[in-house]
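Participant: Below, each chain spelled out in residue letters.
Protein chains: 2
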Amino acid sequence: ADFKINLPKVYQAIEEADFFAIDGEFSGISDGPSVTALTSGFDTPEERYQKLKKHSMDFLLFQFGLCAFKYDHANSKHVTKSFNFYVFPKPFSRSSPDVKFVCQSSSIDFLASQGFDFNKVFCSGIPYLNQEEERQLREQFDEKRSQANGAGALTKCPVTIPEDQKKFIDQVIEKIEGFLQREEKRTLELNPCTGFQRKLIYQTLSWKYPKGIHVETLETDKKERHIVISKVDEEERKRREQEKYAKEQEELNDAVGFSRVIHAIANSGKLVVGHNMLLDVMHTIHQFYCPLPVDLNEFKEMTTCVFPRLLDTKLMASTQPFKDIINNTSLAELEKRLKETPFDPPKVESAEGFPSYDTASEQLHEAGYDAYITGLCFISMANYLGSLLSPPKTCVSARSKLIEPFFNKLFLMRVMDIPYLNLEGPDLQPKRDHVLHVTFPKEWKTSDLYQLFSAFGNIQISWIDDTSAFVSLSQPEQVQIAVNTSKYAESYRIQTYAEYVGKKQESKQVKRKWTEDSWKEVDRKRPHVPGPCYHTNRHTRREHQIPFITDGCEPPCGCWQLNSGPLEEQSAL
Amino acid sequence: ADFKINLPKVYQAIEEADFFAIDGEFSGISDGPSVTALTSGFDTPEERYQKLKKHSMDFLLFQFGLCAFKYDHANSKHVTKSFNFYVFPKPFSRSSPDVKFVCQSSSIDFLASQGFDFNKVFCSGIPYLNQEEERQLREQFDEKRSQANGAGALTKCPVTIPEDQKKFIDQVIEKIEGFLQREEKRTLELNPCTGFQRKLIYQTLSWKYPKGIHVETLETDKKERHIVISKVDEEERKRREQEKYAKEQEELNDAVGFSRVIHAIANSGKLVVGHNMLLDVMHTIHQFYCPLPVDLNEFKEMTTCVFPRLLDTKLMASTQPFKDIINNTSLAELEKRLKETPFDPPKVESAEGFPSYDTASEQLHEAGYDAYITGLCFISMANYLGSLLSPPKTCVSARSKLIEPFFNKLFLMRVMDIPYLNLEGPDLQPKRDHVLHVTFPKEWKTSDLYQLFSAFGNIQISWIDDTSAFVSLSQPEQVQIAVNTSKYAESYRIQTYAEYVGKKQESKQVKRKWTEDSWKEVDRKRPHVPGPCYHTNRHTRREHQIPFITDGCEPPCGCWQLNSGPLEEQSAL
Numbered sequence: 001a002d003f004k005i006n007l008p009k010v011y012q013a014i015e016e017a018d019f020f021a022i023d024g025e026f027s028g029i030s031d032g033p034s035v036t037a038l039t040s041g042f043d044t045p046e047e048r049y050q051k052l053k054k055h056s057m058d059f060l061l062f063q064f065g066l067c068a069f070k071y072d073h074a075n076s077k078h079v080t081k082s083f084n085f086y087v088f089p090k091p092f093s094r095s096s097p098d099v100k101f102v103c104q105s106s107s108i109d110f111l112a113s114q115g116f117d118f119n120k121v122f123c124s125g126i127p128y129l130n131q132e133e134e135r136q137l138r139e140q141f142d143e144k145r146s147q148a149n150g151a152g153a154l155t156k157c158p159v160t161i162p163e164d165q166k167k168f169i170d171q172v173i174e175k176i177e178g179f180l181q182r183e184e185k186r187t188l189e190l191n192p193c194t195g196f197q198r199k200l201i202y203q204t205l206s207w208k209y210p211k212g213i214h215v216e217t218l219e220t221d222k223k224e225r226h227i228v229i230s231k232v233d234e235e236e237r238k239r240r241e242q243e244k245y246a247k248e249q250e251e252l253n254d255a256v257g258f259s260r261v262i263h264a265i266a267n268s269g270k271l272v273v274g275h276n277m278l279l280d281v282m283h284t285i286h287q288f289y290c291p292l293p294v295d296l297n298e299f300k301e302m303t304t305c306v307f308p309r310l311l312d313t314k315l316m317a318s319t320q321p322f323k324d325i326i327n328n329t330s331l332a333e334l335e336k337r338l339k340e341t342p343f344d345p346p347k348v349e350s351a352e353g354f355p356s357y358d359t360a361s362e363q364l365h366e367a368g369y370d371a372y373i374t375g376l377c378f379i380s381m382a383n384y385l386g387s388l389l390s391p392p393k394t395c396v397s398a399r400s401k402l403i404e405p406f407f408n409k410l411f412l413m414r415v416m417d418i419p420y421l422n423l424e425g426p427d428l429q430p431k432r433d434h435v436l437h438v439t440f441p442k443e444w445k446t447s448d449l450y451q452l453f454s455a456f457g458n459i460q461i462s463w464i465d466d467t468s469a470f471v472s473l474s475q476p477e478q479v480q481i482a483v484n485t486s487k488y489a490e491s492y493r494i495q496t497y498a499e500y501v502g503k504k505q506e507s508k509q510v511k512r513k514w515t516e517d518s519w520k521e522v523d524r525k526r527p528h529v530p531g532p533c534y535h536t537n538r539h540t541r542r543e544h545q546i547p548f549i550t551d552g553c554e555p556p557c558g559c560w561q562l563n564s565g566p567l568e569e570q571s572a573l
Numbered sequence: 001a002d003f004k005i006n007l008p009k010v011y012q013a014i015e016e017a018d019f020f021a022i023d024g025e026f027s028g029i030s031d032g033p034s035v036t037a038l039t040s041g042f043d044t045p046e047e048r049y050q051k052l053k054k055h056s057m058d059f060l061l062f063q064f065g066l067c068a069f070k071y072d073h074a075n076s077k078h079v080t081k082s083f084n085f086y087v088f089p090k091p092f093s094r095s096s097p098d099v100k101f102v103c104q105s106s107s108i109d110f111l112a113s114q115g116f117d118f119n120k121v122f123c124s125g126i127p128y129l130n131q132e133e134e135r136q137l138r139e140q141f142d143e144k145r146s147q148a149n150g151a152g153a154l155t156k157c158p159v160t161i162p163e164d165q166k167k168f169i170d171q172v173i174e175k176i177e178g179f180l181q182r183e184e185k186r187t188l189e190l191n192p193c194t195g196f197q198r199k200l201i202y203q204t205l206s207w208k209y210p211k212g213i214h215v216e217t218l219e220t221d222k223k224e225r226h227i228v229i230s231k232v233d234e235e236e237r238k239r240r241e242q243e244k245y246a247k248e249q250e251e252l253n254d255a256v257g258f259s260r261v262i263h264a265i266a267n268s269g270k271l272v273v274g275h276n277m278l279l280d281v282m283h284t285i286h287q288f289y290c291p292l293p294v295d296l297n298e299f300k301e302m303t304t305c306v307f308p309r310l311l312d313t314k315l316m317a318s319t320q321p322f323k324d325i326i327n328n329t330s331l332a333e334l335e336k337r338l339k340e341t342p343f344d345p346p347k348v349e350s351a352e353g354f355p356s357y358d359t360a361s362e363q364l365h366e367a368g369y370d371a372y373i374t375g376l377c378f379i380s381m382a383n384y385l386g387s388l389l390s391p392p393k394t395c396v397s398a399r400s401k402l403i404e405p406f407f408n409k410l411f412l413m414r415v416m417d418i419p420y421l422n423l424e425g426p427d428l429q430p431k432r433d434h435v436l437h438v439t440f441p442k443e444w445k446t447s448d449l450y451q452l453f454s455a456f457g458n459i460q461i462s463w464i465d466d467t468s469a470f471v472s473l474s475q476p477e478q479v480q481i482a483v484n485t486s487k488y489a490e491s492y493r494i495q496t497y498a499e500y501v502g503k504k505q506e507s508k509q510v511k512r513k514w515t516e517d518s519w520k521e522v523d524r525k526r527p528h529v530p531g532p533c534y535h536t537n538r539h540t541r542r543e544h545q546i547p548f549i550t551d552g553c554e555p556p557c558g559c560w561q562l563n564s565g566p567l568e569e570q571s572a573l
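Residue numbers (full-length UniProt numbering), protein chains in the order written: chain A, 1 to 573; chain B, 1 to 573.
Calculated directly from the structure, the hints in this document are not laboratory data.
C-beta: ideal position from N, C-alpha, C; glycine also.
There's no promise every hint is true.
No more than 25 Å apart at the CA atoms, straight line, and that leaves these computed lysine-lysine pairs for DSS-like [to be verified]:
no.	chain 1	residue 1	chain 2	residue 2
1	B	K442	B	K54
2	A	K199	B	K442
3	A	K167	B	K487
4	B	K339	A	K339
5	B	K222	A	K336
6	B	K445	A	K223
7	A	K336	B	K431
8	B	K144	A	K445
9	A	K445	B	K199
10	B	K445	A	K166
11	B	K323	A	K442
12	A	K222	B	K247
13	B	K244	A	K199
14	B	K336	A	K223
15	A	K401	A	K431
16	B	K247	A	K120
17	B	K323	A	K222
18	A	K323	B	K222
19	A	K144	B	K431
20	B	K144	B	K54
21	B	K339	B	K431
22	B	K53	A	K54
23	A	K144	B	K442
24	B	K54	A	K53
25	A	K222	B	K431
26	A	K445	B	K120
27	A	K445	B	K222
28	B	K247	A	K445
Far from chain B by the CB rule (all over 10 Å, computed), these chain A residues [what the hints assert, rightly or not]:
no.	residue
29	S27
30	K51
31	K77
32	D109
33	P162
34	I176
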């Protein structure tokens, strides 16, 4: 009820905003054995998508944070409207889907430790429907209405009553005739009967008495459905029908619930900012639009269709010119870093009647707060880009060309050499000629792998599962040596990354030949959009001891050339 | 922490009780398309067990109600101690299992509407471990301790240090030698290193310095593990070790948590009463003992091992002599009925300091209250049995022979002709010669089936899935007629129940020949225990229009003959 009252406020905020920041809290992250086991450092974007789809979509996105930012030019400050939505797939009726979702005790425990209020989700969460569910419910209402209205052509002629139902229907008609004779009685309640019988009654009555009576199905206290007939004149009948229609529309809107907010954000076409937002985007589409498509390219198309402009602040912070001056890209650390030089914290104020957050008190992990912080980080970084121009620009808008290189590229967690998922085209394909694929007994631990490769200096291990891992060597030349020396090993097996991928492709091609073909089709249609250049983050390197040399562009590559041409503010719309 | 403080109170209540009543609340009931679709009216007990195991065990039992009943002879009244435990599988440490469980939105919504407090589960639920998890944790502690103590025989001789680690270990020893020289220093912190290196250090030190130093692993603020060495005399060393051992035992107990309550109930061997308790029992064993066994006979053995005496009040109420005088066996209705003649509500009082429930206010669906009500129902029904004796017995104890016929028989929901799962022997095998198995297009609805069989008078439909159902006819003679007339039908197919079972067995036998053999083994070992006689509940019949005649015993059958022999109070122990 609260939601319904506040919805106009939400719509207004969406209407007037320059851009949004969003954040979701989930009932779990990964249903696999462990998150690290599921995210290999050498996942391809396709593999990562499949893993997240398979192991994360059964969790529930149950808190959605939205922060709308609007620039107040007169006072040179950003005005925010921040919302914290608790969502829950409350069954709408007996026939509505009974959603099952998974909870992961570590995630629940983490949220509990942050003071998360689970009762707000489970007792008063806002319901929602995805598009297919909404369509079905709308159809149900339409069908019910057309049935009540006499089902059109069907009942222009007498209904065929099955032999065994004739007596029943005759009795009903007799009852009604008696009822119509007695002027003092306004309504008649029939006995509860089956759905099939109710259908026959509706059809018979709309043929026999096209006017003058109103027929409706009600439920008794015992949840039995029965038909109630009342005498009405034509005007009254129409009024009742319109009333009923309005009521149904409202019920439908209530059931669609929170999805209406997501639709409004999507329809605005405005920039949506998130921090490490791939899972947020996947859950949002999965929960409020439709189950995620089988293949990554379809997901990309669907996502750009729903959210034409996304920006991931974690990717932005780990890309030049930021990554040299930002060490830690976690949201909390990023927010702190962006308060210091060379960055300049933006002037921000919450709109009247909206929660004002104090960034010093660190109410992290409430979705609305995290969204707010994410928005701040975006503004600081965007303004920093402006400060590099000559002459410097103090305030960079959400529609500036300066930030376009960061559009629709979602950060890929813990992938070593592919920084982002590119929603607007094919993904980067780094050479992995310094990488080995190793298979071994399941008793092996990380130390056994270090042992095995101790002759090769620094190595980087990236587990795939219990019995296999990728091992990257510091020099591509070492790869063949390792493969050769392992030829006669019995307990383990080493192959190059290329060999591994080749074999995997082979077994896949047989399985889904036709899917592959339709993929190529999609690829051909897409223009090749080069992404912003990504340098291996030297800090991360040292921490994790990744000594390999990145392929692709050599630093300094100048892909992100601030002085490569005339740069001016331009509307992207 | 509350739980730990109150545990002695719980133990005392269990210790002094005559019997217990229990009840569980779950995060969901069935993960299938719908509960009705999953529970066919002609399930065999084996099929029902498999369905519940497959579709219900991923939900969480998150509220456990326990009500301990003790009879106060001096004052002729029952004294109750009622508990409401919120349980949650909070991860105990980094290495503890990260449990995933499913929530069903309809169940959650139902509990929410009853005022259920989800924060009590998720924020302060009592943790628990099953027996395997407890064993593993105990082993981990033992291993850590034996490692710290010098790992016994392993380190009586020098450790083999891998070539590449020799330099590292030599440096560590050098550091320690220096540390031992300097009298003023009491502790030495080594740099963080890998688990493998820590193991080498432990082994080396316990061999080189069996006495005089204490070695332990601590975590830095950054969660890096490093070794700290301190100088201690033998006495101090022992004291520290004992302290650590006591602390570990406490941690272990905390982790086992709520399972300790279940163990105490089980170990008491006392009667445990529940209402429609099959799912409660399955969840309790699954969550606090071990994953449920693959086959039903193993489950029966396991259950009688854990809970030697179970009694299901729903089964009791639907069995003679009760079923003729009790129309509705739902807990709320049963409780009301048992307040009226010929029943006599028992005198019950809650013990001092325990919640006293008012049955008039109907706080249903809090597990502790439901358990309490269930206990009351049991007492009323047991006393009624006593009142039928001559001379009448006013108070029947939980150890009376009178209630033994009801032991270890769990009510089977919505199975038409098998009233209970028999934990102490093979299950009833009713003839089903009036039953047909029908296959049809998935567009068919119940009305289509009624249509199809309209010539056969009253029928009873029991859906199996989208495209098949059991249809029971009123006369076994009609079965062959139906099969014959359907021979040339194209859209549907009819076979007898016997044919259906035969084909199913055939395809199964191939799949699991050896399992079948081991089953027979179990069956042969079990004595055949006849259950209490069950009459078709005439009331239910009329409601659902089941016109078929039950096979087996004809009413009045006298299986439950109160006057068949000398009946006296006897301890069953």
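Participant: Would you mind marking each hint as holding or not holding in the structure?
Facilitator: Now the hints, each set against the structure:
{"no.": "1", "hint": "B:K442 x B:K54", "result": "24 Å, holds"}
{"no.": "2", "hint": "A:K199 x B:K442", "result": "20 Å, holds"}
{"no.": "3", "hint": "A:K167 x B:K487", "result": "30 Å, violated"}
{"no.": "4", "hint": "B:K339 x A:K339", "result": "71 Å, violated"}
{"no.": "5", "hint": "B:K222 x A:K336", "result": "19 Å, holds"}
{"no.": "6", "hint": "B:K445 x A:K223", "result": "20 Å, holds"}
{"no.": "7", "hint": "A:K336 x B:K431", "result": "75 Å, violated"}
{"no.": "8", "hint": "B:K144 x A:K445", "result": "18 Å, holds"}
{"no.": "9", "hint": "A:K445 x B:K199", "result": "13 Å, holds"}
{"no.": "10", "hint": "B:K445 x A:K166", "result": "20 Å, holds"}
{"no.": "11", "hint": "B:K323 x A:K442", "result": "58 Å, violated"}
{"no.": "12", "hint": "A:K222 x B:K247", "result": "57 Å, violated"}
{"no.": "13", "hint": "B:K244 x A:K199", "result": "75 Å, violated"}
{"no.": "14", "hint": "B:K336 x A:K223", "result": "21 Å, holds"}
{"no.": "15", "hint": "A:K401 x A:K431", "result": "31 Å, violated"}
{"no.": "16", "hint": "B:K247 x A:K120", "result": "37 Å, violated"}
{"no.": "17", "hint": "B:K323 x A:K222", "result": "22 Å, holds"}
{"no.": "18", "hint": "A:K323 x B:K222", "result": "22 Å, holds"}
{"no.": "19", "hint": "A:K144 x B:K431", "result": "43 Å, violated"}
{"no.": "20", "hint": "B:K144 x B:K54", "result": "37 Å, violated"}
{"no.": "21", "hint": "B:K339 x B:K431", "result": "38 Å, violated"}
{"no.": "22", "hint": "B:K53 x A:K54", "result": "23 Å, holds"}
{"no.": "23", "hint": "A:K144 x B:K442", "result": "22 Å, holds"}
{"no.": "24", "hint": "B:K54 x A:K53", "result": "23 Å, holds"}
{"no.": "25", "hint": "A:K222 x B:K431", "result": "34 Å, violated"}
{"no.": "26", "hint": "A:K445 x B:K120", "result": "39 Å, violated"}
{"no.": "27", "hint": "A:K445 x B:K222", "result": "22 Å, holds"}
{"no.": "28", "hint": "B:K247 x A:K445", "result": "29 Å, violated"}
{"no.": "29", "hint": "S27", "result": "8 Å, violated"}
{"no.": "30", "hint": "K51", "result": "16 Å, holds"}
{"no.": "31", "hint": "K77", "result": "38 Å, holds"}
{"no.": "32", "hint": "D109", "result": "5 Å, violated"}
{"no.": "33", "hint": "P162", "result": "6 Å, violated"}
{"no.": "34", "hint": "I176", "result": "22 Å, holds"}
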